[in-house]
Amino acid sequence: MVEIQRVSKSFQKTVKDNTAEIKALTDVSLCIRENEFISIIGPSGCGKTTLLKIIDGLIPHDSGQILINGNRVSAPGPDRAVVFQTFALLPWRTVLANVEFSLELRRVPKEERTSIARDYLKRVGLEEFEHHYPHELSGGMQQRAGLARALAVNPMILLMDEPFGSVDAQTRQLLQEELLQLWQRERKTVIFITHSMDEAVYLSDRVVVMTPRPGRVAEILDVPLPRPRIADEVRRDPQFVELTNYIWDSLKKAMENGH
Amino acid sequence: MNSQLRINVISIITLAILWEIAGQTLDSVLIPPLSKIASAWIRLLISGKLLANLLMSLWTLAAGFFLAVIVGVIVGLLMGRFRAVEHFLDLYINTLMSAPMTAFVPALILWFGLGIESRIAVVFLFAVFVIVINTMTGVKQVDRTFVEMGRSFGAREAEVFFKIILPAAMPAIMAGIRLGMGRAVKGMVTAEMLLTLTGIGAMIMQYGSAFATDALFAVILTILIVAMITMKLVEAVDQWLTGWKTEIAIE
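Each protein sequence line maps, in turn, to chains A and B.
Heads up: the first sequence is residues 51 to 309, going by the numbering used here.
Heads up: the second sequence is residues 59 to 309, going by the numbering used here.
These are computed hints drawn from the structure, not numbers from a lab.
Be aware that one or more of the hints could be misleading.
To be verified - Below, a list of computed lysine-lysine pairs in the DSS-like style, where the Cα atoms sit at most 30 Å apart:
no.	chain 1	residue 1	chain 2	residue 2
1	A	Lys238	B	Lys221
2	B	Lys221	A	Lys172
3	A	Lys172	B	Lys303
4	A	Lys238	A	Lys160
5	B	Lys244	B	Lys198
6	B	Lys244	B	Lys94
7	B	Lys244	B	Lys303
8	B	Lys221	A	Lys160
9	B	Lys290	B	Lys94
10	B	Lys107	B	Lys290
11	B	Lys94	A	Lys160
12	A	Lys172	A	Lys160
13	A	Lys63	B	Lys198
14	B	Lys303	B	Lys198
15	B	Lys107	B	Lys244
16	A	Lys73	A	Lys303
17	A	Lys160	A	Lys303
18	B	Lys198	A	Lys66
19	B	Lys94	B	Lys107
20	B	Lys303	B	Lys221
21	A	Lys63	A	Lys73
22	B	Lys303	A	Lys73
23	A	Lys172	A	Lys66
24	A	Lys302	A	Lys63
For clarity, every value in this text was computed on a predicted model and none was experimentally measured.
Modelling step: build the complete structure from the supplied sequences, incorporating the hints.
Encoded structure:
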């Protein structure tokens, strides 16, 4: 279980000798259940990526606390892994070596990490591309490698930062379906940042709507659509349409209040 | 690549023919025809004079360039990694980068004397600053998400540096080393002409003042060939270290 308790964060921004304090997050509280798929949605600059980095322990927060199964988060740990929006694959490493990278940093012996990496490349359908370099792959394939790298360390919690934000629409839908299938098999807690309402509703058990800067939780919605979700059917379901409309209204309201 | 090579060869042959014609028709000592330069070159080669001087020059070049790469890369890495080091040094590095190094030669004579140390120092000074600046820029331009990704997966500081920053900065470091190589050759000849008359530089001065233009051009051609070979060597190392980057460039 991930407990986010009254987390706040400000940045110092210096523009030409003027230092201004920018509040990124105020009093964000949220409880995420084990194996839950939760999406965080909000307008650009609402601090959703900041929140994800704080949960990962990459950046410190000013007040409040984050507990994972009762333990306070202060640094990155083996129970979490991030999938990055820009893939963050190292261009001088092959796909296989990129997936091995996370295991290498976790001190997994060489032979073991190769076999683990191969296994996860297979799960994301990249087994034939292990010797390719990232630039030789399409955006969708690169993100599959990014996903394999995160899954390879077998984290309890998968932190996904707009992972499908930089691929084309068709690939995006494919990746969403694949992610759901993987999630159903691997059973992990997923915290998914997105700005797509459609994506949030299709994937998640719950959707968290955030306000513009300073980001706070505006609303938390249950998505009671049954699983497994077949993309074409779900998207035509009246409940799906209703939910996306509702989130759109909620986002609009949050943005109006924020100004 | 193949068609590029062919055009290169055509270009060289055209220049050679034009030169030969110009030399023959003008019949002046100022522009010796290529055939005379070639026979002078063979004469110098057989006498062993060219090779002996060339070896002496190359030794200076190698020592100075090697020091410049070691010092340049280390200083550049530190400047790129630590703000304080950068601000402490960037004023000097930037000034010296564009300063005419030749002006420092008299001071170097005073400090290091007239021996090989001075010549190595000149080569070093010619080459080092461009290596520092390129290395520093390379380190500073490393994609921050790479570093974030490493930290997120638990990389320690040393791992972030050696597994992410260093390889990511390698193309820029090698670009600096390539530029440094070119400057090192200039430094070598400058030192041998201005400091102590030795090696290739001494031959240039000697033949130049004696109006032995055929031998003079033979030596100049040798320098051009040396510059080209050293450049190709550095490029080969670059290709070996950062082949992944060149592939991107081709696509």
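Verification of the supplied hints:
no. : hint                : result
1   : A:Lys238 - B:Lys221 : 29 Å, holds
2   : B:Lys221 - A:Lys172 : 25 Å, holds
3   : A:Lys172 - B:Lys303 : 27 Å, holds
4   : A:Lys238 - A:Lys160 : 26 Å, holds
5   : B:Lys244 - B:Lys198 : 29 Å, holds
6   : B:Lys244 - B:Lys94  : 26 Å, holds
7   : B:Lys244 - B:Lys303 : 28 Å, holds
8   : B:Lys221 - A:Lys160 : 16 Å, holds
9   : B:Lys290 - B:Lys94  : 28 Å, holds
10  : B:Lys107 - B:Lys290 : 25 Å, holds
11  : B:Lys94 - A:Lys160  : 63 Å, violated
12  : A:Lys172 - A:Lys160 : 19 Å, holds
13  : A:Lys63 - B:Lys198  : 20 Å, holds
14  : B:Lys303 - B:Lys198 : 18 Å, holds
15  : B:Lys107 - B:Lys244 : 21 Å, holds
16  : A:Lys73 - A:Lys303  : 20 Å, holds
17  : A:Lys160 - A:Lys303 : 53 Å, violated
18  : B:Lys198 - A:Lys66  : 21 Å, holds
19  : B:Lys94 - B:Lys107  : 18 Å, holds
20  : B:Lys303 - B:Lys221 : 16 Å, holds
21  : A:Lys63 - A:Lys73   : 10 Å, holds
22  : B:Lys303 - A:Lys73  : 39 Å, violated
23  : A:Lys172 - A:Lys66  : 50 Å, violated
24  : A:Lys302 - A:Lys63  : 27 Å, holds
In the structure shown, a violation is registered for the earlier hints numbered 11, 17, 22 and 23, in ascending order.
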